[in-house]
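A.B. asks: Based on the provided sequences and hints, a complete structural model is requested.
Protein chains in written order, with the UniProt record's numbering: chain A, 1 to 276; chain B, 1 to 294.
Calculated directly from the structure, the hints in this document are not laboratory data. All the given hints hold, so there is nothing to weed out.
Listed next, with one range per pair, are the computed distances between beta-carbon atoms:
id: 1; chain 1: B; residue 1: 290; chain 2: A; residue 2: 60; range: 43 to 49 Å
id: 2; chain 1: A; residue 1: 262; chain 2: B; residue 2: 290; range: 22 to 28 Å
id: 3; chain 1: B; residue 1: 246; chain 2: A; residue 2: 4; range: 49 to 55 Å
id: 4; chain 1: B; residue 1: 52; chain 2: A; residue 2: 36; range: 52 to 58 Å
id: 5; chain 1: A; residue 1: 262; chain 2: B; residue 2: 289; range: 24 to 30 Å
Straight-line Cα separation of at most 20 Å, SDA-like style, residue types lysine to any residue; simulated pairs:
id: 6; chain 1: A; residue 1: 263; chain 2: B; residue 2: 101
id: 7; chain 1: A; residue 1: 74; chain 2: A; residue 2: 133
id: 8; chain 1: B; residue 1: 185; chain 2: A; residue 2: 262
id: 9; chain 1: A; residue 1: 74; chain 2: A; residue 2: 137
id: 10; chain 1: A; residue 1: 263; chain 2: B; residue 2: 98
id: 11; chain 1: A; residue 1: 263; chain 2: B; residue 2: 186
id: 12; chain 1: A; residue 1: 263; chain 2: B; residue 2: 103
id: 13; chain 1: B; residue 1: 215; chain 2: B; residue 2: 186
id: 14; chain 1: A; residue 1: 263; chain 2: B; residue 2: 107
id: 15; chain 1: A; residue 1: 263; chain 2: B; residue 2: 182
Covered by chain B, according to a simulated footprint, are these stretches of chain A (three or more residues, beta-carbon under 8 Å):
id: 16; stretch: 15-24
id: 17; stretch: 78-88
id: 18; stretch: 245-256
Note that the structure is predicted; figures quoted are calculated from it, not measured. By construction, the Cβ of each residue, glycine as well, lies at the ideal position given by its N, Cα and C atoms.
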Amino acid sequence: MTGRWGDIATYAALALVALFFLGPLAWLVSLALRTPAEVYQGAAAFIPAHPTGANFVQILSDAAFGQYLWNGVKLSVGGASVATLCAAPAAWAFARLDFAGRAGLLWAILAVQMISPLVILIPLYRYFDALGLLDSHAAVIAVYGAIGIPLTVWLLSAAFARIPRELEEAARLDGHSRLETLVLITLPLAAPALAAAFVLNVVMNWGQFLVPFVLLGSEKSWPISVAIYRFAGSTSASTTQLLAAACLIALLPAIAVFLALQKLLTRALTGGALKG
Amino acid sequence: MSRAADPSRAGPWLWLGPALLVLGAIYLWPLLDAVRLAFTDATLLRAPTRVSLDAFAAVLSDPALPGILRVTGIFTAASVILLQALGLGIALLVHRGDRRGLPGMAALRALVLAAWVVPGIANGVIWQIVFSEAPFGGLNAVLAVVGLGPVAWLSDPALAMLSAIIANIWQGTAFSMILYYAALKGLDPALQEAAKVDGASALDRFALVTLPQLKGTILAGSVLVTIQTLGTFDSILALTGGGPGQATEVLSLYTYNTVFRGFDLSRGAVLALLLAALSLAAAALYALILRERR
Numbered sequence: 001m002t003g004r005w006g007d008i009a010t011y012a013a014l015a016l017v018a019l020f021f022l023g024p025l026a027w028l029v030s031l032a033l034r035t036p037a038e039v040y041q042g043a044a045a046f047i048p049a050h051p052t053g054a055n056f057v058q059i060l061s062d063a064a065f066g067q068y069l070w071n072g073v074k075l076s077v078g079g080a081s082v083a084t085l086c087a088a089p090a091a092w093a094f095a096r097l098d099f100a101g102r103a104g105l106l107w108a109i110l111a112v113q114m115i116s117p118l119v120i121l122i123p124l125y126r127y128f129d130a131l132g133l134l135d136s137h138a139a140v141i142a143v144y145g146a147i148g149i150p151l152t153v154w155l156l157s158a159a160f161a162r163i164p165r166e167l168e169e170a171a172r173l174d175g176h177s178r179l180e181t182l183v184l185i186t187l188p189l190a191a192p193a194l195a196a197a198f199v200l201n202v203v204m205n206w207g208q209f210l211v212p213f214v215l216l217g218s219e220k221s222w223p224i225s226v227a228i229y230r231f232a233g234s235t236s237a238s239t240t241q242l243l244a245a246a247c248l249i250a251l252l253p254a255i256a257v258f259l260a261l262q263k264l265l266t267r268a269l270t271g272g273a274l275k276g
Numbered sequence: 001m002s003r004a005a006d007p008s009r010a011g012p013w014l015w016l017g018p019a020l021l022v023l024g025a026i027y028l029w030p031l032l033d034a035v036r037l038a039f040t041d042a043t044l045l046r047a048p049t050r051v052s053l054d055a056f057a058a059v060l061s062d063p064a065l066p067g068i069l070r071v072t073g074i075f076t077a078a079s080v081i082l083l084q085a086l087g088l089g090i091a092l093l094v095h096r097g098d099r100r101g102l103p104g105m106a107a108l109r110a111l112v113l114a115a116w117v118v119p120g121i122a123n124g125v126i127w128q129i130v131f132s133e134a135p136f137g138g139l140n141a142v143l144a145v146v147g148l149g150p151v152a153w154l155s156d157p158a159l160a161m162l163s164a165i166i167a168n169i170w171q172g173t174a175f176s177m178i179l180y181y182a183a184l185k186g187l188d189p190a191l192q193e194a195a196k197v198d199g200a201s202a203l204d205r206f207a208l209v210t211l212p213q214l215k216g217t218i219l220a221g222s223v224l225v226t227i228q229t230l231g232t233f234d235s236i237l238a239l240t241g242g243g244p245g246q247a248t249e250v251l252s253l254y255t256y257n258t259v260f261r262g263f264d265l266s267r268g269a270v271l272a273l274l275l276a277a278l279s280l281a282a283a284a285l286y287a288l289i290l291r292e293r294r
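C.D. replies: Next comes the structure, spelled out in structure tokens:
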């Protein structure tokens, strides 16, 4: 299967793939642009006769929805900061220092990632309850941070290891201390990986549902993911167009950030995952 | 250069400290506590009063457990196999497109990746709208155009499982795709050329040259995807809520329901440990595979 027929077959297969991946999103967009009456018209109104932005306006002008979005941003960025700040020094140590039990410890940290957050949430719920921290954003940020640390250590230690030691040794020969070398040479070279790890954490945290669902009781502290689930449970057929619009608003930031930084992120991911 | 300012002198523990402290407090300690709770009679509303094996006995004799494990097994196995096959297929197609200089390959990769970053809960809500049997259900609306349906995607037990698997594949394929795409990029094209010169057909080249080189990636990817799938919770919760009946209630959802709806902390802890044990078994397999490859 070579040449032009092969190309045609490739495109035909990829068209099916595109249909599968684009279909649900296209349907969501279609519903979000409809008037309540058009929602009942099924596929005939796939391209609505009178597309309307009213659903988006209604969702975005809802003060509670703005609060959910802001909570989502706050928790995602806070958790990503905790994860990156804790993981970066650890990753550097794994990449550059020789110490007993290094390999074992790195594996242990990776193994942590295999444990579902559900397992730890059961005791954590009790602790936070006893400490009066249920409904506290700080508690959720700490848990997000912990969930993000293993993958971040993994990605960053691979990134630090890729930096040529010669560059650091040259700086040392020039009379710089280790700390100066780290700040002047290593960190700038690792900056793209640090940024990628941070952004990846933000995107993953944006999608977190279970942790805030369990730990945040009151409506005003929910992030967007929890709010969407509650909203979906309370909608009827007559408000589906609003649910579709809310859903799109919830997922667009994550998709936009991800696509904008796609190269950076996939390089960081595959560079870490496919070493060797 | 002062010794105090020399980070390597401080030993590794200063560097590892923050990460280990956070992981210890938020992962390790609660994990040990979950083990402890499993051996008690605690509920969500009452602290443990005595040590017992009752919770283990209750879980093992739970008439619902075999069904839950069967559902978990089917959901996980079908998801992993289909998602890996689709991911490999897309990677091969895009890789071929790249080599032939066909336009649009980057856009297709981006589209698949976009589904990956959709929050799990939104994934469930989106597919619930698509599978809905109401007039706004996307799939039934399309089927109606060609005179078929409506199909009970979410209210028929067998179809609900299929629907949950499809929704999971939609989101999870991207991970496999990137893994295989990167692996294909790393293969030595000289081997392909050599096989071509020897007159091997495209199918032979795939089966005899490409596939054996990808074996390690396929094994490692399968294990990682298995672990991810075992932990799947939010998309199923939003899509079917585990229903109809318990037709799509996987172990993670059942654990959640036991603790936070049934308030049975000790039984939930046992189930959570079962979940962790399954994941760790898969992880151990992964470590073994990596060692084998080296």
